[in-house]
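S.K.: Listed in order, the protein sequences are those of chains A and B.
The numbers in our numbering rise by one with no breaks, and the one at position 262 of the first sequence is 262.
Numbering-wise, our numbering comes out as the position in the second sequence, counting from 1, plus 1000.
Treat the hints with caution; some may be incorrect.
Unchecked claim - Straight-line distance between alpha carbons at most 30 Å, and here's what the computed DSBU-like set of lysine-lysine pairs gives:
id	chain 1	residue 1	chain 2	residue 2
1	A	K289	B	K1115
2	A	K94	A	K289
3	B	K1051	B	K1221
4	A	K58	B	K1126
5	B	K1115	A	K194
6	A	K184	B	K1158
7	A	K184	B	K1115
8	A	K94	B	K1158
9	A	K188	B	K1093
10	B	K1068	A	K292
11	A	K39	A	K188
12	B	K1068	A	K58
13	A	K191	B	K1158
Hints in this document: simulated from the structure, not taken from any laboratory.
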Amino acid sequence: MKKAIVIVLVLLIFIPLSAKEVRAQPRYIVAVNFRITFKSDGTAIVSLLQHPFNISKKGFEDLYGNPSILQDMVVQEERTAAGLVLLFADNPEKVDYEIVGNMRMKDDEVVLCDVENIGEMKELKGAIVLDVLVHLETTNAIEQLNDRIYRIRITDCYTRLNPMSWIDVIEFRMGEDVQLISYKWSPKSAKGPKIAEDDRLLWENFNEPEAPNEYILELKLPRFELKGAKGYEVMASSSFSNGLLHVSLTNVGNDGFFYIRAVGDSIDQVRKVYLRKGESANLSFPAPKKVKVEIWHESTMLGEAKWVEEVERGTHLKSPSITVLAVIVMGLVLIFLSFLVEKEPRKPETIKDIGEGFGLVR
Amino acid sequence: MKPHLGLLLLGVLLVGMGGLLYFREVKEVEIPVVLTGNQTSTMPWSESPGKIETYSHTYLIKAAFKLKNDRDVSVSDIVYVLVPMNTTHQTSKLISMEPEPLVLELDENGNTYAKIRVEMGPNEVKWINATFEVTMESYKYSFNTNVALWPSLEMARKYTTSTAVWTTENETLIELAESIAGDEDNPLNIAKKIAEWVVNHVEYSVNPNRSRGASHCLTYKDSDLYIYGDCTEVADTYITLVRIMGIPARAAFGMMLEEPKEYYWLNESSRGEGEELLTHWGGHIWPQVYIEPWGWIDVEMLEGLIARVGDYSWRHIIFGLEEKNFLEEETGHFCVSMYLEVEHMEFRFIPQ
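Looking at chain A on its own, in the form it has when it is part of the complex (with noise of 0.2 Å):
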């Protein structure tokens, strides 16, 4: 038998607001902003801006350029790197992604924090920064909606691990060639950006009510063509018998999950599978008539099964009826009786008395 265990002390991943506080050697505070810069290819940079600092007795204490927080600090990027790209995707491991400026101090960067938890964003000169480059194609965030026209959501990360943190400051910049095209957030209830100008959108969020969960923007990304599905390819057939829809799968792409979707009046049901190149399944639904199944993988569908017709067939031997049935019994009978009923024997051709005493046998 089970329970839990817990632990009373809130680490660093329950660290709701603005600001991550730190349990180290010194006890220090980091002000985070971000900043995603769009490229016409389909990439973003987010870079990530960090300023640590502590607030004692003596009041506000700023501890950029402290070499043993900076040592801290870089000893973590590759975790953070990966933090960074749950503001595209539910698992960063399935993005594609790099690195493409290791954690370095840039002193003409500003870095805005609520550092006293007043309402008021201070403004805080110099910052640790993070530059990682991500490929959109391979996140989840991102959707075609007209010819290089694109609409991309960008998640509250820190909401992602914890509902009651935000990001306090985000700020999306459009790169080279990239149009904006619109953009909203969620939930409504949310405030809406502080700046917003036709290449360079800012959020400055004071608390969690007012911080959107998600940052929607469409943009025109002039030299990306998204290839949604491209590797993945199944050949799929269906048929109907007996109450069940069967389909028969046949991965020829790339391995991975796939959506069998038997879809019509009353029915929508989906049967997940994983394939690998080269394999085989066969699934079936119950379901009320014959539908439409379709093949999806992610949020591409890629065609729909061919249908085969098939024929309903009983599984059961049907009983014989009672004119057949007496047929045969009386064949059997016949022929069990064939070998009670003997022939006359033979008569002899001869017969001779061969002495008294003899006679014979009739």
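Dock chain B against chain A, hints included.
M.R.: What follows is chain B alone, placed relative to chain A:
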């Protein structure tokens, strides 16, 4: 003995005729049926989904959270306290909270948090006290397995995908899920088979220093995979395996009571306690699967080490759900503060 040739031939002739007649009859019923869109047959959904037995249990829950400002300056902070949630099988009321909350808010997972403004001087200690009344319904399904349906595309997309914790893309876990499910085509039977596998492959130990994720839960022992950890590892593994098989799943968290009247507490001294922790704390996390026509079904695998799918006892109080967001430690579920230490928390459960 020699047979009578005439009778024998006649008998064989009759048997042959009978066979031909039977073949003709069978052929007559094998006329191909061209299936039309209007053809119907016996449908699973025309059958009853089975039965459910329910029993109601009401608890008064008195919760208290000790906050400490261990800074040398005054702090004004928002503290978040989780309120037990309302579900199909549970109703929850906030009777009182001191200090009074500013507002009750839902997070992305649908969990309710009370937001409380707390002002504290240097090194000051304060308590948040809350009283809830929770009526939960224990239930036990007698399923008619025949009627189980697979989910819609929308549900499958939302609740079967890979997440940072439920790593459905892990090849080892994919092979494991496929081998457990075998040729089974029924989602309820698959959910049960996986629950039984989990029960038979748990090496239970309290795991305070976890790094959450199904990929970290399993280890080979005698060429078989075993789950090492506590309820978190069990839930994460189960959810990942059923998600791989296309069954929507999520985690519910809250308390599992040892007795109807309980006092649970946790504080700084609890760190590193190991199994001792179980003597005074009942925090629990367990999976739920979504299978039509029943909806969300609780799955418990650590209560008596029996696979209970749709057999939900009075011992469970649900506080919230994990669907999108995950926490390494459960404390983050119950009470969270940015600048203040949650030094101690306690829950008194009083049956009504």
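S.K.: Next, verify each hint and record whether it holds.
M.R.: Consistency of the hints with the structure:
1. A:K289 with B:K1115: violated (52 Å)
2. A:K94 with A:K289: violated (38 Å)
3. B:K1051 with B:K1221: Between K1051 (chain B) and K1221 (chain B) the Cα gap is close to 40 Å, so the pair fails against 30 Å, i.e. violated.
4. A:K58 with B:K1126: Holds - the C-alpha atoms of K1126 (chain B) and K58 (chain A) are around 24 Å apart, at most 30 Å.
5. B:K1115 with A:K194: With Cα atoms ~26 Å apart, K1115 (chain B) and K194 (chain A) stay inside 30 Å; holds.
6. A:K184 with B:K1158: Judged against 30 Å, a Cα distance of about 22 Å means the pair holds.
7. A:K184 with B:K1115: holds (27 Å)
8. A:K94 with B:K1158: Since the Cα atoms of K94 (chain A) and K1158 (chain B) sit roughly 17 Å apart, the hinted pair holds (cutoff 30 Å).
9. A:K188 with B:K1093: holds (28 Å)
10. B:K1068 with A:K292: violated (61 Å)
11. A:K39 with A:K188: OK: K39 (chain A) and K188 (chain A) at ~27 Å, within 30 Å.
12. B:K1068 with A:K58: OK: K1068 (chain B) and K58 (chain A) at ~20 Å, within 30 Å.
13. A:K191 with B:K1158: holds (27 Å)
Hint compliance for this structure: hints 1, 2, 3 and 10 are not met, and every other hint is.
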